[in-house]
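S.K.: Listed below, chain by chain, are the residues.
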Amino acid sequence: MTGKPPTLGRAVDRGLAPFRGRRAASLLPRTRLGGPVPWVIAIMVALCVLAAGGALALSNLAASARGDLAGSATVQIIEADNDLRAEQARRIAGLLREDPAVTGLRMVPESEVAALLEPWLGSGEAVDAVPLPALIDLELAAEVDEDALAELETRIAAYAPSARIDSQETWLAPVLDALRTLQFMALSLIGLLAFAGVAAVWLAARNALGGNRDTIEIVHLLGGSDAQIASVFQRSILLDAIAGGLLGLVLGAGAIALLANRFAALDSGMVAAGSLSAIDWVILAMVPLFAVVIAVYTARMTVLASLRKML
Amino acid sequence: MSAKESAIVQFDNVGLRYGTEREVLSNISFTLFPGRFYFLTGASGAGKTSLLKLLYLAQRPSRGGMRMFGTDVITMPRDELPGFRRRMGVVFQDFRLVDHLSAFDNVALPLRVSGVRERDLAGPVNDMLDWVGLGHRADARPATLSGGEQQRVAIARAVIARPEILVADEPTGNVDPEMALKLIRLFEALNRLGTTVVVATHDYQLIRKVPESLIMRLDKGTLSDPTGALRYPPKRAPSGVEA
Numbered sequence: 001m002t003g004k005p006p007t008l009g010r011a012v013d014r015g016l017a018p019f020r021g022r023r024a025a026s027l028l029p030r031t032r033l034g035g036p037v038p039w040v041i042a043i044m045v046a047l048c049v050l051a052a053g054g055a056l057a058l059s060n061l062a063a064s065a066r067g068d069l070a071g072s073a074t075v076q077i078i079e080a081d082n083d084l085r086a087e088q089a090r091r092i093a094g095l096l097r098e099d100p101a102v103t104g105l106r107m108v109p110e111s112e113v114a115a116l117l118e119p120w121l122g123s124g125e126a127v128d129a130v131p132l133p134a135l136i137d138l139e140l141a142a143e144v145d146e147d148a149l150a151e152l153e154t155r156i157a158a159y160a161p162s163a164r165i166d167s168q169e170t171w172l173a174p175v176l177d178a179l180r181t182l183q184f185m186a187l188s189l190i191g192l193l194a195f196a197g198v199a200a201v202w203l204a205a206r207n208a209l210g211g212n213r214d215t216i217e218i219v220h221l222l223g224g225s226d227a228q229i230a231s232v233f234q235r236s237i238l239l240d241a242i243a244g245g246l247l248g249l250v251l252g253a254g255a256i257a258l259l260a261n262r263f264a265a266l267d268s269g270m271v272a273a274g275s276l277s278a279i280d281w282v283i284l285a286m287v288p289l290f291a292v293v294i295a296v297y298t299a300r301m302t303v304l305a306s307l308r309k310m311l
Numbered sequence: 001m002s003a004k005e006s007a008i009v010q011f012d013n014v015g016l017r018y019g020t021e022r023e024v025l026s027n028i029s030f031t032l033f034p035g036r037f038y039f040l041t042g043a044s045g046a047g048k049t050s051l052l053k054l055l056y057l058a059q060r061p062s063r064g065g066m067r068m069f070g071t072d073v074i075t076m077p078r079d080e081l082p083g084f085r086r087r088m089g090v091v092f093q094d095f096r097l098v099d100h101l102s103a104f105d106n107v108a109l110p111l112r113v114s115g116v117r118e119r120d121l122a123g124p125v126n127d128m129l130d131w132v133g134l135g136h137r138a139d140a141r142p143a144t145l146s147g148g149e150q151q152r153v154a155i156a157r158a159v160i161a162r163p164e165i166l167v168a169d170e171p172t173g174n175v176d177p178e179m180a181l182k183l184i185r186l187f188e189a190l191n192r193l194g195t196t197v198v199v200a201t202h203d204y205q206l207i208r209k210v211p212e213s214l215i216m217r218l219d220k221g222t223l224s225d226p227t228g229a230l231r232y233p234p235k236r237a238p239s240g241v242e243a
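Protein chains in written order, with the UniProt record's numbering: chain A, 1 to 311; chain B, 1 to 243.
The shape of chain B in the complex, shown without the other chains (with noise of 0.2 Å):
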């Protein structure tokens, strides 16, 4: 099996400018592949979130060429999108979560617009509820629950229909170290079911945590690869990365 047969994900030569401004990310080229764990560093600015959003199929790129799941997504009918952000979850940086929903409606969503039965709904969101341990919490408001209830509210919108790949946008920015650590433990959880996870973060303590990850790190909008990460096929990481 080749490379590009096998990856999640490719990007190749991918450069992002909005408007007519300066590009955000130039010459991003890597290859994500499934059941693996990887983190995206930089510093603020870097274009960390505008490279997820490109991920997650929100942005076209100005340039370059980008495969998902096999498929080209750049000369994909926009009609076909929707089946591809199916197969995906997201953590917004900030949640992101409806407002009039209850906790329960908002970890539902998905699977609605999947077409899940009402009947099948309830089971599986109380579980994954109970999971984030928010079961007692389920119909309250997001206006109504602390940062990192929401928090995990959105994870568990985003992998309620078990995603093949995860993109978390600074999952841990708005948390306790314990809830980081905790939250990281949850993605790893998904990573050994065979999701594949992308965490965006610029905490270097909470990459050391997992030493199975492989870092891809942006700098002014250019991507670097310490761990190996993005050659083809990627190098396991040792463990401990240095910033």
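Isolated chain A (complex conformation) (with noise of 0.2 Å):
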């Protein structure tokens, strides 16, 4: 040892390889940045993608009601002679058959009106007398707004008193406005794991720093960067990240892909409107992609906030 110590010849000054990856990954034990972190993450990513994917649904929900609904009405007459009733009706199917505001137009049958009042009136002789609407269904021009359809509702008035238009828009409306609401609650929903799943980053980097403070100030003593040590923080988060994201990926579609399946066994025509799509998929597997990315972020601005305090 008391020889000249050796020459390290050009090394350091040459072939410069930045201080990342596994060779720098090495400074933190694998255990310190792990444990509860991959779990937590996994949690989020799964409640993040089942409110996602019930966003997503209510949203295709949403755009099917107002698509097959949009731009159509029911013209409604309400009058207790039949001869009369069928005669108001015929008339202003003329009168509208020659206006531009309407496309379209189809005289709902009685029976079809009778089959549609069944599950609360019955069927059978004694519901025979009572007096159905007649009802005409109309499609209206694009440019048709409430103003032309109260319009329309008082030139038919002058044929029959008692008739009226329902825009089914309107009638819709209040679910329209239960599902964005429901949209809403998930959107918050989904904001709100992500701020939990920051903090829990946020956490796990500041404890992960303080039980490697020794090696951190060393690392630094010896030339080490903030953003060298910050790197190594980083790798660690991003393995954990992915592993949580696939895993919270992998049980929020399977939760998803069960309750689709519960729901077609409904069979209703709503609920199958609702379905999710090949890109609504792309969306959500993009939700563990996010997580790995604001946990990495999360996890490098804590480092670097806290380094900074060192000198």
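Be a bit skeptical, because a hint or two may be false.
In silico contact screen, one side only, chain B against chain A (beta carbon under 10 Å); selected entries [claimed, not checked]:
1. E23
2. G89
3. R96
4. S114
5. G173
Rather than coming from a laboratory, the hints here were simulated on the basis of the structure.
Built from N, CA and C at the ideal position, the CB exists for glycine as well.
With the hints as a guide, bring both chains together as one complex.
M.R.: Listed below in structure tokens is the structure:
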């Protein structure tokens, strides 16, 4: 040991390689940042996928309902006298056919009206005595708004004072409002989960920093930069986040598939309209990717903020 | 060339206090020149470790000016400090080896931080471990090494990147006299290669072993200059220094 110290050649001066990746990761014992973090991220991602899936399904449902009912209305003629009601319906249909606001028209057969009301009124001779309203389904031109409908209603009132026009969008409005509220709640839930995820990563990173303070100080004093040290933590949280994100995606997607299966068994047209498209599934698959990005960015910012307090 | 230009370290009226306590270092002014061997002496609690912390940029002074390698390090942006630290080697009093890394990885750490490629690491690190007599313990964790072996790993880590200045805090405090002498010879060998060496010790027997050394003595946070080490330019010390 008393001879000349060995020379390094020019190893230090040439061939610089960034201090990151596996060679930097060895600075932290693997278990320090591990532990509950992947599981917390998995739970967050699973819940986010579920909430996002719900929001997308509701969005599809609302879009489908709006598309089906947009530009349509129903004329309802209430008249106890069957003959008079039929006459009023015929004359109103004639008027509407010539109106440029109406692009399509269908007289709803009385049998169809009776079938619609059967769940409430039942069937049989007693029911036959109940006067049913005459219904005319309308398809309206795109530019027709509520004012135009009110004007149309005034015109048909000349033929049948008790006739009225119901825009189907109007009665659907409360349903759409409810769907929008549910969507908002789902998106809020995603926001809260993202916040909780950030907080969990922040705590984990600070805990890991505290547990490795000596190592960090040594690396600092040996000339390690903040970015180099942060990259060590980033790599650690990256691996945890990828593992947790994939597990969460599998759990969330599995839960959605199970729910979809159960709802499909209801055989309801409205529920079927809320099924997820391929693009929706791609969006859901992006959730863990966002979780990984948020986790890594949070870890980096947390570590850098702590390191800035050191000299 | 002026003294300021050739100085590797220059302290100007530096004071250091921790929190609101009284100053542990007061009015410290000195200049270190390249290629010299300095001893920093003083009783326990005199402020040697605090002064060394300022030297290896682990602490900012509470007041005064500090220049290193010709640059004002007080006003220097924080992100430029790592570059300066890489030009120094530090042997800590308590070694400060990374527990979960092998002796090889501990010694390789400064090179990795500096960006030396893995394929260029093995040769120099193994040579350095051989040089400190620990080639056969390259895979050993610090916990399995004796105090003297840990000390040598710490020294190997401090010198592996060929620092311009080596700062050692009580490097012989945990080893027997024979090993202490070996360590001092090792520092002398480095010094002959051009590295400025600053060794903090209160062992005057050890100081006498390096007759060419210059002495800085700390007493209750104030620096004295028994061998003219702090003069501009410094005067070479005569052999042997009385305590």
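S.K.: If a hint holds in the structure, say so; if it does not, say that too.
M.R.: Now for the hints, and whether the structure bears them out:
1. E23: This hint is violated: E23/B lies away from chain A, its Cβ roughly 18 Å from the closest one there, beyond 10 Å.
2. G89: This hint holds: G89/B lies near chain A, its Cβ roughly 9 Å from the closest one there, short of 10 Å.
3. R96: Because about 5 Å separates R96/B from the closest Cβ in chain A, which is inside the 10 Å limit, the hint holds.
4. S114: Holds. Min distance 6 Å.
5. G173: violated, 18 Å
Violated hints for the displayed structure, listed by number in ascending order: 1 and 5.
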